[in-house]
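Colleague: Just need the whole structure built from these sequences, with the hints factored in.
2 protein chains.
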Amino acid sequence: MSILIKNVLLNGKERDIRIEGRQIVEISESSGAAVGGGARSAEAEYVIDGCGKAAIPSLFNAHTHAAMTLFRGFADDMPLDKWLKERIWPMEALLTEDDVYWGARLACLEMIKTGTTFFNDMYWHWRGTARAVAESGIRAAISAVFIDRFDEEIAREQMRRSRQMLSEYAEFSSDGRIIFTLGPHAVYTVSEESLCWIRDFSQKNDLIVHIHLSETAWEVEECMRRYGRRPVEFLESIDFLNERVVAAHCIAVSKKEIGILRDKGVKIAHNPSSNMKLASGVMPYEEMKRAGMRGNILLGTDGCASNNNLDMFEEMKIASLLQKSHRKDPTAMPAHEVFEMATVNAARAFNFNAGEIAVGKLADILLVDLSCECFVPNHNLISNIVFSANGNCVDTVICDGNILMHERRVEDEYRIKEKVKEVSERLVSALNR
Amino acid sequence: MSILIKNVLLNGKERDIRIEGRQIVEISESSGAAVGGGARSAEAEYVIDGCGKAAIPSLFNAHTHAAMTLFRGFADDMPLDKWLKERIWPMEALLTEDDVYWGARLACLEMIKTGTTFFNDMYWHWRGTARAVAESGIRAAISAVFIDRFDEEIAREQMRRSRQMLSEYAEFSSDGRIIFTLGPHAVYTVSEESLCWIRDFSQKNDLIVHIHLSETAWEVEECMRRYGRRPVEFLESIDFLNERVVAAHCIAVSKKEIGILRDKGVKIAHNPSSNMKLASGVMPYEEMKRAGMRGNILLGTDGCASNNNLDMFEEMKIASLLQKSHRKDPTAMPAHEVFEMATVNAARAFNFNAGEIAVGKLADILLVDLSCECFVPNHNLISNIVFSANGNCVDTVICDGNILMHERRVEDEYRIKEKVKEVSERLVSALNR
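Taken in order, these protein sequences are the chains called X and P.
Take 474 as the starting number for the first sequence in this note's numbering and just add one per residue.
Take 474 as the starting number for the second sequence in this note's numbering and just add one per residue.
Please keep in mind that the hints were generated in silico from the structure rather than gathered at the bench.
Each hint should be verified, as a subset may be incorrect.
In this list, chains with the same sequence are indistinguishable; a pair is considered to hold if it fits within one copy or across any two.
Straight line, CA to CA, 30 Å or less: simulated DSBU-like cross-link-like pairs of lysine-lysine [claimed, not checked]: (1) K801 <-> K558; (2) K737 <-> K762; (3) K486 <-> K894; (4) K762 <-> K728; (5) K555 <-> K762; (6) K558 <-> K892; (7) K801 <-> K728; (8) K677 <-> K729; (9) K558 <-> K762; (10) K555 <-> K801; (11) K801 <-> K729.
Modeller: Following this line, the structure appears as structure tokens:
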């Protein structure tokens, strides 16, 4: 497909952006001709009028559990233990692959509508999520949840499933939009032997490893009890950490552990809304930045059971506000840094040639509607994007050279929402039986 | 005007809501007839199809500086001192009443579009704000800024202006939508003599008093230096505090001061986004609640220079997340409490017979669009409103019995935004000259 976006604001200037296939092939001064009226329009199959819109790279959600959209608003304002044991786990036990498919379809729809075209997932029934991503047109890094609860037999079964997943995932990723990753849940749910197996398996197959790490003080205590070391130190001791590891949360980390994470090139997925909602603590962003990790810090929403949406615009604002408040420093995590977390940093971490709008990059582009009140006046576009806008300001979403949303319309959205209502009603009924 | 809202979800059931003039006159079981198809439609001038929508009370923004929309994104990520002295104050010095009018028009437009139909304002050129509110159809409590900087002559001039405002404001408030209040800025900008004058003047004329109070630790230190007491204790010592006082922020308050605020019936306007963005601190909500103040705590966005939008849906989420994170308690400030802060608590504080949908109440109603992803699935409407939705989920806004927005269209919006762009460009040029 070839697309020409005409007269769009890009880095403060009106530009025409030309897309051929999956890539941006040309960025030029706007010819100024009205859409359909100029000779150049004939050169592209699709011409998009960019007047009154700004082009920005689409956003990357670096940590979520997509299908948990099914549990949006199902459990809030509860202690973590009760939340998990009485609400989330009983619901998850009922899920089928088809339920996960529909939950992930809704997640993909919500992400497209709020300008996100990539997410890094860890969940049960990964095939359901992979099907949903393949059909929705966005990108994802998908892992199963690897949990053995320190049981050798379960561990063997999990390893078997991981090998199987690796052999099967190609059917979903022919066009490179879906990456297969490994998802060891956490150091308190996966045995040392399994973590070592994952280390070796990921190295052999060059796979990204997605893990929850140091999310709570409890996790640190538990790790100290089991291994006599803090989680990051323990993982270092088994040579688990490297530049292929994406660690979600990293809240309860010592200065020494920050140094280890930096030295090993670990990527960190920060999830401020979830951390606040579950009262997990605050990620020490400024300490990480000072240690030289800024480019390795990414941003995620976590799942809808602990957020409760997937809007990365909102997440950028909350991330910056949280650091300012926590550090008692209004200059902490400025707008451009959090925007990089949601774009270039993540594109680099997941090996996509995207995250910025430039010739040769993948055509993953948002057009935001500058007529929204949130962009009026427009003293500073990045400030308006981070602090004023939300995902509803996105008018058009292009991913991998395909138009997934235009004028806020997405294919199949009515059907997806109706189907999710059915699925979630059935789950609640089953739970109450 | 008479309005019939048919088949709308209200407190979990399908209902018809009938509005006559300014009030809700009937709430009945839905007849189920399609809009325009039933005999009852003939009974109302306007019939709104409520299918797939939920009716909730419209939101109250308890502290803002509306015209500061003009400075949205003009100064971020800066220390408070520099932010004020280098960016905000020089811009404010350039403002005319007409500039304030356009800034406030944009604020009213943004509030309507995000479901807010009341704001409590303190700003320069109050007539500009009052004109904007009168024309936009929403409600407001409007004060001038009373600042004397401990100068007797300025104080006399400010008192004269307050008296004049009282005599003039009736021209804007014939239908009761606009309340005139007094706006002493803070204890560090208004002299004791002026505060005593305001106390007496407000009592004599039964006026609400809107003040910034204990926003920062610096303010407390400054008050200790000047008066040998903390701000709340100082105000109590001059008998300034009573149930007509609305105090914004109340962050740096001691346990004793919380007791005073409770005993005096003071209303507190909490502004979490602003407090986080300017790193002012965290309001001790749980302590206030435990002291028995819950019903007197309101919610505001503060001005757009420190937020940077006026979306009360976003503010509700951030309020709850901030308390959970700060208290390290995921049960802190649950969804229904923050929803009350934004509705019934504020309606009571500002003496409007609104804040809930019931027969006899003012017709200040939102219809939210349940087909938005943020409401799918709908396990819990209040949770979805607080934690998942943003202001863009609002489809219809009714205030004082008038339809201000339907299907997200508001009168005059294009003209307002174009005009604000002109005004803000002129201000920036003037500043840079």
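Colleague: For which of the previously enumerated hints does the structure constitute a violation, in increasing order of number?
Modeller: none
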